[in-house]
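S.K.: The listed protein sequences correspond, in order, to chains X and U. Residue numbering for the first sequence follows my numbering, starting at 1 and increasing by one per position. Residue numbering for the second sequence follows my numbering, starting at 306 and increasing by one per position.
One thing to keep in mind: the hints can contain errors.
With beta-carbon atoms standing in for the labels, derived distance ranges [as the list claims (entries may be wrong)]:
1) Met435/U <-> Arg70/X: 40 to 48 Å
2) Ile57/X <-> Ile603/U: 33 to 41 Å
3) Glu10/X <-> Leu365/U: 54 to 62 Å
4) Leu609/U <-> Glu10/X: 31 to 39 Å
Facing chain U, a subset of chain X residues (Cβ under 8 Å, in silico) [to be verified]:
5) Met156
6) Gly233
7) Leu276
8) Ala280
Sample of chain U residues with no beta-carbon within 12 Å of chain X, all distances over it, derived [said to hold, decoys possible]:
9) Ile307
10) Trp387
11) Arg388
Just so you know, the hints here were simulated from the structure itself, not pulled from any lab data. Note that CB positions come from ideal geometry on N, CA and C, so glycine has one too.
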Amino acid sequence: MARVEQIERELDGPDEAVSSLTTKALMRRRMLRHKGFLFGATVLFSLVFLAIFAPLIAPFDPLDQSLARRLLPPVWSEGGVWDHLLGTDHLGRDYLSRLLYGARISLMVGIGAATVGLLIGVTLGVCAGYFGGWIDQVVSYLLTCQLALPGLLLAMSLVFLIGPSVFVVICVIGVLHWTYYLVVTRTATMQIKQLDYISSARAIGSSNSQIIFYEILPNLLNQIIVIFTLEIGIAILAEAALSFLGVGIQAPTPSWGLMIAEGKTAMFYRPWLVILPGIAIFMLVISTNLMGDGLRDVTAPENRN
Amino acid sequence: MINYALKRGALALLVAFTVSLATFFLLNFSTDPAEVIAGEDAEPEVVEVIREQYGFNRPLIVQYGSWLKGLSQGDFGESYYWRRPVLDLVIEHAPVTIQLALMAVFVTIVVALPLAIFAAMKPNSIVDRMALSTAVAAQAIPNFWLGLLFIILFAVTFPIFPVSGDSSFAHFIMPAIVLGTSSVPAVMRLARTGLLDVLSSDYIRTARSKGYRGTTLLVRHALRNAMLPVVSVMAIQLGHKLGGSVVVESVFALNGLGRLALDSILGSDVPTVQMLVFVFALIFVLLTFLSDILNAWIDPRMRLR
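With the hints as constraints, model all of the structure from the sequences given.
M.R.: Next up, the structure:
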């Protein structure tokens, strides 16, 4: 508990400054004072912006090949040209355009898979926490089994055997990443269930589903958003690994993991082919992680660690 | 104690059984093994004959039964792709992965524990903040990319380590560092939090008041108690290392279980993939079981849970 107070003290500053604020204003103030959150949010929203407007920003079609312009270096290297700011790949495709379109794939998989995981994990977690008893035992058993599965290996096998596509990647990664939601929402639901206002709701005749949807879920929202943000980063890393190994997104779709795999063959004399997409993955994932950690410090510091 | 061990053991067995059932159904729903064996553009009649011959036309639950029966008699099935018994393949590839995983765990401990100790000795100091930021950054780096950067840097620019292969001890150093690094953030954070909790407890205050300072206090009094959760997490991490080896073995061309898994997936070789997923899950279950027992032996309060 001491640590929670310490985080709040750090975020809030002197007591007199916050005493008159409403909760919403306090949250906003904390967000604006949290450096990690600000950095993460700025980078993430810039990347989302670039991804959405990729067709307008990208100088070339990401699939257009030009054998005459193969393996051009970025503009700051010797031999680089201004037409291709970040150079071209082994088929003469503009690297900047491919990176911009790659952001779309990463974000789509990240957000999609985190949503699938959310639906499974929150449903199981709230049911287990609310109903308890044998339902809780079955869900806890499912959790133990899920944790025992080698996630990456199973994801690779399922995606490749079903037939790799963006949709399949989203579903498989999502179906394998729900445990974090479950653990947090189960505990939180158990605690909320004990509170007086739940008994009041029951006393005025609310049904179980009314209590879950109107009384419990709104109170879990902050924690769910935090996990959602962190799971986006985890899913993006998983997709990159699958695509790198050749069992995820398939050529010629521009996925960052796949671009690293394609650049690998030429990496000793054209290292940026590998370095650039890696930096892109790193920036995207660190921005979601910083934003998630920041949101947790602001809205639910008791869940730290 | 024996009662507790029996209960845990029964649960572990049940989990292993459930996991094998889930894996069997998931993998066999994802693909039609008869078509894989027949090869592309095979006549439908040929596929039908194969289906008959291998018994794929039986209900899945019957197929699972005969798989389980074979397993209990030491028959791990026959690989379609390699045309050899799966057990031979697993035994042949296991040593490389075991050596890699053990070395990676060693790297994790050697890096994470000192970092955690330094960080916990002076919470909120520059060292602490640097350690935490490094952890945040390390969590966002795709490990296959880190591996490629290592190859570019240490095998080509400064040729210290061999680039790829598994013929000598030196070949394992870079892969172990890459695989080990991926667990450093989790273990470091946990050990730091554990140490901080212990350091604020009454018995440490007593020790302090008796005049113990610095290293003696930390090593003789605090570290022992703080290590309990770390032991369980290390067991889990060792399990994850086996899964993570798929990526690292591919980057560094080590011919272990991870490599076998990737090749089998790319060859749609269901029996081998199935067995590997099962073996990895089994190792995980076993490690968790052992760490539970170890914890209960060290700390009798655990037995009541």
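S.K.: All the hints need checking, so say for each whether the structure fits it.
M.R.: Hints, verified against the model:
1. Met435/U <-> Arg70/X: 40 to 48 Å: 42 Å, holds
2. Ile57/X <-> Ile603/U: 33 to 41 Å: 58 Å, violated
3. Glu10/X <-> Leu365/U: 54 to 62 Å: 56 Å, holds
4. Leu609/U <-> Glu10/X: 31 to 39 Å: 38 Å, holds
5. Met156: 6 Å, holds
6. Gly233: With a minimum Cβ separation of about 7 Å from chain U (threshold 8 Å), the hint on Gly233/X holds.
7. Leu276: 11 Å, violated
8. Ala280: 10 Å, violated
9. Ile307: 22 Å, holds
10. Trp387: 16 Å, holds
11. Arg388: Non-interface label on Arg388/U holds, nearest chain X Cβ at 19 Å vs cutoff 12 Å.
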